[in-house]
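Enquirer: Sequence:
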Amino acid sequence: MEIVDALKVKVDGTTYDLGYDKVTIELGNSFYDITKINLGSTETSISTALTDPVIMRGLTLSDISAIFVDNTTLNLDKISKIEFVIDGERYSLSNVVIDASGNFTVRQKTFSPKDVIMVADQYSYEIDLLRAYKDKFIFYCTEGDTNYWVSLNDLFVDADKVKILKDNVAYDIDQVLVIERNLVRIKGKQYKVDSSFKCLYGDDVYDIDRIDYDTSLDCITVRGDKNTDGYWANQPSKYVFFKDNKKYQEGTDDASIYVNKKWLTLGEIMISDPAHFTYDGKSYDLIGARIRIDTEDFEIVDTAWRGQTRVLDIYMEEY
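Just so you know, we're using the working numbering here: the sequence shown kicks off at 118 and counts up by one.
Be aware that one or more of the hints could be misleading.
Said to hold, decoys possible - With a cut-off of at most 35 Å between alpha-carbon atoms, the simulated DSBU-like pairs for lysine-lysine come out as follows:
{"#": "1", "residue 1": "K304", "residue 2": "K379"}
{"#": "2", "residue 1": "K251", "residue 2": "K139"}
{"#": "3", "residue 1": "K278", "residue 2": "K153"}
{"#": "4", "residue 1": "K378", "residue 2": "K283"}
{"#": "5", "residue 1": "K399", "residue 2": "K306"}
{"#": "6", "residue 1": "K231", "residue 2": "K198"}
{"#": "7", "residue 1": "K278", "residue 2": "K378"}
{"#": "8", "residue 1": "K253", "residue 2": "K231"}
{"#": "9", "residue 1": "K253", "residue 2": "K306"}
{"#": "10", "residue 1": "K304", "residue 2": "K226"}
{"#": "11", "residue 1": "K378", "residue 2": "K363"}
{"#": "12", "residue 1": "K360", "residue 2": "K306"}
{"#": "13", "residue 1": "K251", "residue 2": "K278"}
{"#": "14", "residue 1": "K343", "residue 2": "K283"}
{"#": "15", "residue 1": "K306", "residue 2": "K364"}
{"#": "16", "residue 1": "K306", "residue 2": "K278"}
{"#": "17", "residue 1": "K363", "residue 2": "K343"}
{"#": "18", "residue 1": "K195", "residue 2": "K153"}
{"#": "19", "residue 1": "K251", "residue 2": "K343"}
{"#": "20", "residue 1": "K198", "residue 2": "K226"}
{"#": "21", "residue 1": "K364", "residue 2": "K226"}
{"#": "22", "residue 1": "K280", "residue 2": "K139"}
{"#": "23", "residue 1": "K283", "residue 2": "K360"}
{"#": "24", "residue 1": "K251", "residue 2": "K125"}
{"#": "25", "residue 1": "K378", "residue 2": "K360"}
To be verified - Simulated restraints, written as ranges between beta carbons of each label pair:
{"#": "26", "residue 1": "E119", "residue 2": "S147", "range": "20 to 28 Å"}
{"#": "27", "residue 1": "G157", "residue 2": "T190", "range": "50 to 58 Å"}
{"#": "28", "residue 1": "T190", "residue 2": "D335", "range": "21 to 29 Å"}
Rather than coming from a laboratory, the hints here were simulated on the basis of the structure.
All C-beta atoms, glycine included, are put in the ideal place defined by N, C-alpha and C.
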């Protein structure tokens, strides 16, 4: 903090007027507002007034007065544990620092409450607003989309976005039962995890060195090195459809594929290579598959993969 004059200070390059702005300092376990700078010929002192804490550490459940979720209020007496997922890492309530503006600080980095996921007894909530009132916090949240997590190389990720690959067939994580470290059961069969297993998250593929279930975290944990080889790491970013070698449509709007007696969007399948795809743990031929765009049905007769731009061209003829 730099003193400008009797009523102005500069913090991190910003000048604050003590007559209008609240500037607070922490001394020991107490907080004080700076009210005035006393400029003397030989020494300078500051006038302060005791104020409510603007930074809180080592929080417990008793430091939360209410959690509102949509139109309901959570019963705090029935919550045993609250954690926060921040930048992919999970922190207990006692290991975060929250300031009076509702911002979170971990690892000397500050995060807006909207960038933080609250996990209360494994149920996740998106924080819309966080307010401090009489030394306690009030959370305003909406119900989150993620209630199940996977720890991937110590980062917590949405389990719905994780797939386990076995011999080029993709399985949702909830189809994989971890019996013990590196021993899994998939569709009734038991496997020792080896080089044929990989983990897919987003556009990244990992060779699985270890997969286990952590009872303390109540989630599957995966460790492994990123694998840049293979088609799995390059799912199509765009589909282009051709009929009679002429461009018919770019993109997947109103497009679906017929798989096992039902129509699926292309976002529901995984492309294992330009000629094959997987769904629900089974592999299918892409060539010969039936495609519907709007109300017109087609048969796929060929494909072409443009790897640099991750575009999959699909050539069709009328079904």
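Enquirer: Between K251 and K139, is the straight-line Cα distance small enough, at 35 Å or below?
Expert: Distance ~17 Å between K251 and K139 Cα, so the pair holds.
Enquirer: Please verify whether K306 and K278 have alpha carbons no more than 35 Å apart.
Expert: holds, 23 Å
Enquirer: Holds or violated: K363 and K343, Cα atoms, limit 35 Å.
Expert: With a Cα-Cα distance of about 38 Å, the restraint between K363 and K343 is violated, given a limit of 35 Å.
Enquirer: Within 20 to 28 Å or not, the Cβ separation of E119 and S147?
Expert: Given about 23 Å between the Cβ atoms, the range holds.
Enquirer: Between K360 and K306, is the straight-line Cα distance small enough, at 35 Å or below?
Expert: violated, 42 Å
Enquirer: Run the distance test for K306 versus K364: straight-line Cα separation, threshold 35 Å.
Expert: violated, 44 Å
Enquirer: Holds or violated: K251 with K343, Cα cutoff 35 Å?
Expert: violated, 48 Å
Enquirer: Given the proposed pairing of K378 with K363, does the C-alpha separation stay at or below 35 Å?
Expert: With Cα atoms ~29 Å apart, K378 and K363 stay inside 35 Å; holds.
Enquirer: Given the hinted pair K283 and K360, is their alpha-carbon gap at most 35 Å?
Expert: holds, 34 Å
Enquirer: Next pair to validate is K378 with K283; report whether the Cα-Cα distance is within 35 Å.
Expert: Holds, because 24 Å separates the two Cα atoms, which is no more than 35 Å.
Enquirer: Next pair to validate is K304 with K379; report whether the Cα-Cα distance is within 35 Å.
Expert: holds, 21 Å
Enquirer: Do the alpha carbons of K231 and K198 lie within 35 Å of each other, as the hint requires?
Expert: Between K231 and K198 the Cα gap is close to 20 Å, so the pair holds against 35 Å.
The structure fails to meet hints 3, 9, 10, 12, 13, 15, 17, 18, 19, 21, 22 from the earlier list, while all remaining hints are met.
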